[in-house]
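We have chain A; now place chain B onto it with these hints.
Residue numbers (my numbering), protein chains in the order written: chain A, 1 to 257; chain B, 1 to 257.
Treat the hints with care, since some could be wrong.
No copy is singled out in the list; a pair is fine if it fits within one copy or between any two copies.
Unchecked claim - In silico DSBU-like cross-links for lysine-lysine, where the CA-CA straight-line distance does not exceed 35 Å:
no.: 1; residue 1: K169; residue 2: K58
no.: 2; residue 1: K90; residue 2: K250
no.: 3; residue 1: K88; residue 2: K132
no.: 4; residue 1: K169; residue 2: K250
no.: 5; residue 1: K87; residue 2: K196
no.: 6; residue 1: K185; residue 2: K250
no.: 7; residue 1: K90; residue 2: K196
To be clear, the hints were calculated from the coordinates, so they are not data collected in a lab.
Protein chains: 2
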Amino acid sequence: MSRPLILVTNDDGYSSKGIEILNNVASNFGDTIIVAPNSEKSGKAHGITLYDPIGLKKIDNQNQLIYSVDGTPVDCVKIAINSLLDKKPKLILSGINHGLNVGRSILYSGTVSAASESIMIGIPSIAFSLQKSEEMDFTNVDIILEKLIKNALDEDFPNDVVWNVNIPKTVNEKINGIKLTKQGKSNFNEIYHKRKDPRNNTYFWVDGAIESIEEDLDVDEVAIRNGYVSITPLSFELTSQKYLENNQSKGFFDFEK
Amino acid sequence: MSRPLILVTNDDGYSSKGIEILNNVASNFGDTIIVAPNSEKSGKAHGITLYDPIGLKKIDNQNQLIYSVDGTPVDCVKIAINSLLDKKPKLILSGINHGLNVGRSILYSGTVSAASESIMIGIPSIAFSLQKSEEMDFTNVDIILEKLIKNALDEDFPNDVVWNVNIPKTVNEKINGIKLTKQGKSNFNEIYHKRKDPRNNTYFWVDGAIESIEEDLDVDEVAIRNGYVSITPLSFELTSQKYLENNQSKGFFDFEK
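Chain A on its own, in the form it takes in the complex (with noise of 0.2 Å):
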């Protein structure tokens, strides 16, 4: 039996060590390229390149086909798909992203949206992160990641919903097992640095952190906080069902000018 293709991805780049580790695993199960961004693209979102030139460099590399894409996260799965794979992969796999996507932040980030244009096309997909810590830890990552690509290459995994993997910083010694949860609503917390250049110009530099307002066990960052790998299927089916049906009958959507 052929191995399956498997397309890796990540939002910090092609040389980072997250994505390194997630196409180590992924080796295991398949024939897989890496196409990602040239640098750290994180905040990029479902963001797309229209009007500048998007720079490809195939990576000097013996034991894997590299290209560094000088783009989004979301340019890099279509221009793989549309330009570079001579067939359709499997799996394509996003991460790992150095820090949480959890709570609405997710709307940002663009490991996520790889993983969300690659359903878009019809293909499965999951997106990994791991909690930031100091120096970043993926001691026993690979245990996690083994078991749900795994499972991801399955006849009957969706490609219709993101597997959204939050694994906590605590898996370098121990976690309390895998939760299946929502997305909470848990907001990043900006301040914004009011600065003036040499020239008197206004500019901003933005920071904060995410809020917590959740408390339930079955949200993703409660159950990141509690030990546990948080999967979150997420959809991009944004139509609110609930709004059509209170508000289908109003009058208000039958005026004719």
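Then chain B, alone, in the frame of chain A:
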């Protein structure tokens, strides 16, 4: 009674025709402030600027308070709320985008993302887009905007869904009405043009067009094609409830290391 504060933004830049018309109509209902990108930021999605300083300029204009931000549409909303406004606006309006934001390509849209950022902080929001034509013709668009903005200032207007409003280019002659719609599955069908620079480095330009695969009149893109203004209520709570219900009891998630 004091007039409500309305924040106006977009992704085409503060000097675009679309935002001027949107702001003109909004001014009939409240005190407006424009905080918008300094240039075209289409395709920036929900991106935020994490690793660069974000420049801010007050634009010299006697009749209207305008700030220009060297950042994404979401940066504009965040900086306005965090640093520029004395009080929370009653409503945040985004657009009018020069071109539709329908189907799956909503995910790439800076116009829609400024609106989704707004509901994440609990402020009602509408994203407006006008179908592209060779010369963007905004005739009669103000009539539609007036009706929708007036409605959005009602106390019962939702602050947990975005109204994604798309207006057909036929509005300059006639429209057939307003339809409450669903987000379609039509996607942007990209073509990547591969080129070489003078130093033999590979780069790509992206090009393409919306691929229409929908037929039901209650789908955003089909409503537009049939001469209706399309209003899709969008929610950004991404958890797939369906997946949770179907998989919650699976042993897989009880894994103990």
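Hint by hint, here is what the structure shows:
1. K169 - K58: within (33 Å within a copy, 44 Å between copies)
2. K90 - K250: Cα proximity of K90 and K250: across copies only (23 Å, versus 45 Å in one copy).
3. K88 - K132: both (33 Å within a copy, 33 Å between copies)
4. K169 - K250: between (50 Å within a copy, 25 Å between copies)
5. K87 - K196: between (52 Å within a copy, 24 Å between copies)
6. K185 - K250: Classified as both: same-chain Cα gap 30 Å, cross-chain 25 Å, threshold 35 Å.
7. K90 - K196: between (50 Å within a copy, 30 Å between copies)
Comparing the model with each numbered hint stated earlier shows that all of them hold.
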